[in-house]
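So the sequences go chain by chain: R and W.
For the first sequence, counting from 1, position 76 maps to 76 in the working numbering; every step adds exactly one.
For the second sequence, counting from 1, position 44 maps to 1044 in the working numbering; every step adds exactly one.
Simulated from the structure, these hints should not be mistaken for lab results.
Hints are not guaranteed to be accurate.
Derived CB-CB ranges, DEER-like [claimed, not checked]:
(1) Lys-1088(W) / Leu-272(R): 20 to 30 Å
(2) Val-108(R) / Ala-1385(W): 50 to 60 Å
(3) Met-95(R) / Lys-1088(W): 15 to 25 Å
(4) Trp-1060(W) / Thr-163(R): 56 to 66 Å
(5) Lys-1088(W) / Phe-278(R): 33 to 43 Å
(6) Pro-83(R) / Lys-1135(W): 29 to 39 Å
(7) Leu-75(R) / Ala-1302(W): 52 to 62 Å
Computed from a predicted structure; not experimentally measured.
Glycine included, every Cβ here is placed at the ideal spot set by N, Cα and C.
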Amino acid sequence: MEQILANGLYLGAQYALIALGLTLIFSLMNVLNFAHGQMYVFGGFVTYTVVAQWGLPFIVGLMASAIILAVMGALIEVFLFRPVIRKSKRDESTMLLAAGIAFFLDAVILLVFGEKQRGVPKIVDGVFNWDMRIIMPYDRILIGVLAVALIAGFIALMQYSKTGRAMRALAQDRMAAQLMGVDVDRYSMIGFALGAMLAGLVGGLLVTITGINLGMGGPTSIKAFLMIMIGGAGVISGAIAGGFILGMMESVGLTVLAAYGDITYLVIFASLMVFLAFRPQGLMGKPWG
Amino acid sequence: MLRRSFLRTTALAAVASIAMLGAAHAENPILKIGFVGVTSGPAAAWGTSNQRSMETRAAWINETGGYDIGGTKYDIEIVSFDDQKDPKRAIAGMEQMAQAGIHYVVGPNVDDGAAAVRPVAEQNDIMYFPYAFPKELYTAPASNAILGMVANYQSGPAIYKYLMENNGVKKVAFVAGNESDPLSQRDSGAAAARELGLEVVSDSVTYQMDTTDFTPVLLPVIQTAPDLLVLSGVSPANAPQLIRSARELGYTGLISTETAQNAAVLAEGAGELANGFISVGGASTPDLASDMMKEFVTRYTAMFGEYNDESNTKVYALEYILATMAANPAAIEDIDAFKATMDTFEAPNPFMVGDAKLKYVGSSSFGQKRQVSVPLVVNVYKDGAFETLFVAQVD
Chain R
1 MEQILANGLY LGAQYALIAL GLTLIFSLMN VLNFAHGQMY VFGGFVTYTV
51 VAQWGLPFIV GLMASAIILA VMGALIEVFL FRPVIRKSKR DESTMLLAAG
101 IAFFLDAVIL LVFGEKQRGV PKIVDGVFNW DMRIIMPYDR ILIGVLAVAL
151 IAGFIALMQY SKTGRAMRAL AQDRMAAQLM GVDVDRYSMI GFALGAMLAG
201 LVGGLLVTIT GINLGMGGPT SIKAFLMIMI GGAGVISGAI AGGFILGMME
251 SVGLTVLAAY GDITYLVIFA SLMVFLAFRP QGLMGKPWG
Chain W
1001 MLRRSFLRTT ALAAVASIAM LGAAHAENPI LKIGFVGVTS GPAAAWGTSN
1051 QRSMETRAAW INETGGYDIG GTKYDIEIVS FDDQKDPKRA IAGMEQMAQA
1101 GIHYVVGPNV DDGAAAVRPV AEQNDIMYFP YAFPKELYTA PASNAILGMV
1151 ANYQSGPAIY KYLMENNGVK KVAFVAGNES DPLSQRDSGA AAARELGLEV
1201 VSDSVTYQMD TTDFTPVLLP VIQTAPDLLV LSGVSPANAP QLIRSARELG
1251 YTGLISTETA QNAAVLAEGA GELANGFISV GGASTPDLAS DMMKEFVTRY
1301 TAMFGEYNDE SNTKVYALEY ILATMAANPA AIEDIDAFKA TMDTFEAPNP
1351 FMVGDAKLKY VGSSSFGQKR QVSVPLVVNV YKDGAFETLF VAQVD
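Bound conformation, chain R alone (with noise of 0.2 Å):
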């Protein structure tokens, strides 16, 4: 039971991570990112080009895949939704434009980063043995350790800085926020900068541990998706809870119903299911409380 609970824990770290730079820019601008998860698989692949290839330390890869996806997502905010989302009024536009760059990206890390499976060597050796209840190796616990330290500096960022205060303001009611002086473009491009850059040292942080590859960003969206839905969509404590209750539930799953075949994704579907069925708003509820 330990070890289940350990594997939960860990993997509820990493999927909050994920889950928050998504719940993020829907929360500012109401926009279902699909390339969420290949952002994720960008910064994955800079860090590995960084470390891997480059011989650079980890912390510069890390470095390079925050500003990287930070770039790329205040670019892609600038030049693509702002003027669809000014055009169009219609939500369906967006998600196409998200679905159209998640494909893109896609074509582009084929084409620059090849089909193959990357990885960083370990960026710490050794396993934690506990009496064999609790086996986890020490760069997980760092891994996961990171992760957490992520999440809380984000949070405090939303709550004490002036940026995180304007994005809250944005993300409760944008009229309002835009009438006492708040600047909407301006922290709409944070908004999806900070949101892609925290996709970006996600991938940066787990290519040390699960490598990354082309494939990856679909599957990562829809667990994004999962968690958000989890824990009520646009709420930063609802991906956060959302994340963790997913990662829960797939170590659970995974060992108590290991005997019955992979059906433990089958099961969290169908628990979504019925709980949206009773809660749609999810945990938490509408964007920041």
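Could you slot chain W onto chain R? The hints should help.
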């Protein structure tokens, strides 16, 4: 004046050279060979290694004057179609090949795609070389598909038997991805293991193909304490993570698979934890590779920046098609002539040292020769490279 004359002469020489080059190229008729397989998405590595192997070899042939079939030199053109691992797209791809008048196609890479294209291939006189294992594709009345590699139900028993005799393996566990290819490979592998007298301690654990953390997946498998953990039909993307998770959970037994893997991917994803991992490979280990194989690897690397060890197996399909046509030039347009030639065809294997032969096999598995004879080279990974564990022949 002198300078102007020099420039004019140089320009004339350049134009003449280009014209002559064009003329030299125009002399050779084009022979189109198709490829329908997956070159995007999670399994892109499988099809990309196929396509790049074919393109490397075709470029090499064209550069050296073309391929001699019945006294005529042909330039080879590879026509590729990405089926995205989708049977519907595989059918569309095969129809496109038929419309282009192509009679020989390499691929598809997976079971459902290979099964889906069968009617199209048979109606349009196309011989195709799938990397898929369902026996009904190769047994009569089917006759247009030729298995492009060694099937897991052929390599699996050979590996298990070797490990029983040499490593004292008694208990085996299987884990597979939740897709048709890995699941069917797991089932046939477990059946073969039982037939050999091995105790199968786990064969029900599966995983989603997009799993990123295999620790919870492998936990119940490792608890059964197998001597051998078989990663059935594992893709090169998942293999390093599975190996790493198994080792990190304290598993010290053997790990094997019947699919081809890539040493660089294993090195990056699992490092020294992958040492001892057993997989099926081709002929590029230093002790088996011929000079031609070594040049193929060099050319592939120069063309695409990096070699893929999966191409050790995938280099063969195009060579078989061309060599069989050379043995019977009527086969260029007539696939019945191709089929007739297959029964007696034999040529030196240019990619291996020694007296290995290119020939069609499969009589014992399929009742007819519908499989290329590639050496069953079982490799063991060690410190970033594969070493040959043993070599066997199918059929």
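Tell me if the beta carbons of Lys-1088(W) and Leu-272(R) are separated by a distance inside 20 to 30 Å. Given about 28 Å between the Cβ atoms, the range holds.
Lying within 50 to 60 Å: is that true of the beta-carbon distance Val-108(R) to Ala-1385(W)? Check failed, 31 Å falls outside 50 to 60 Å.
Do the Cβ positions of Trp-1060(W) and Thr-163(R) conform to the proposed distance bound of 56 to 66 Å? holds, 57 Å
Using the Cβ atoms, figure out if Leu-75(R) sits within 52 to 62 Å of Ala-1302(W). violated, 35 Å
So does Pro-83(R) sit 29 to 39 Å from Lys-1135(W), Cβ to Cβ? violated, 56 Å
Taking the beta carbons of Lys-1088(W) and Phe-278(R), is their distance inside 33 to 43 Å? holds, 37 Å
For the hint 15 to 25 Å, verify it against the beta carbon of Met-95(R) and that of Lys-1088(W). holds, 24 Å
Checked against the numbered hints above, the structure breaks hints 2, 6, 7 and satisfies the rest.
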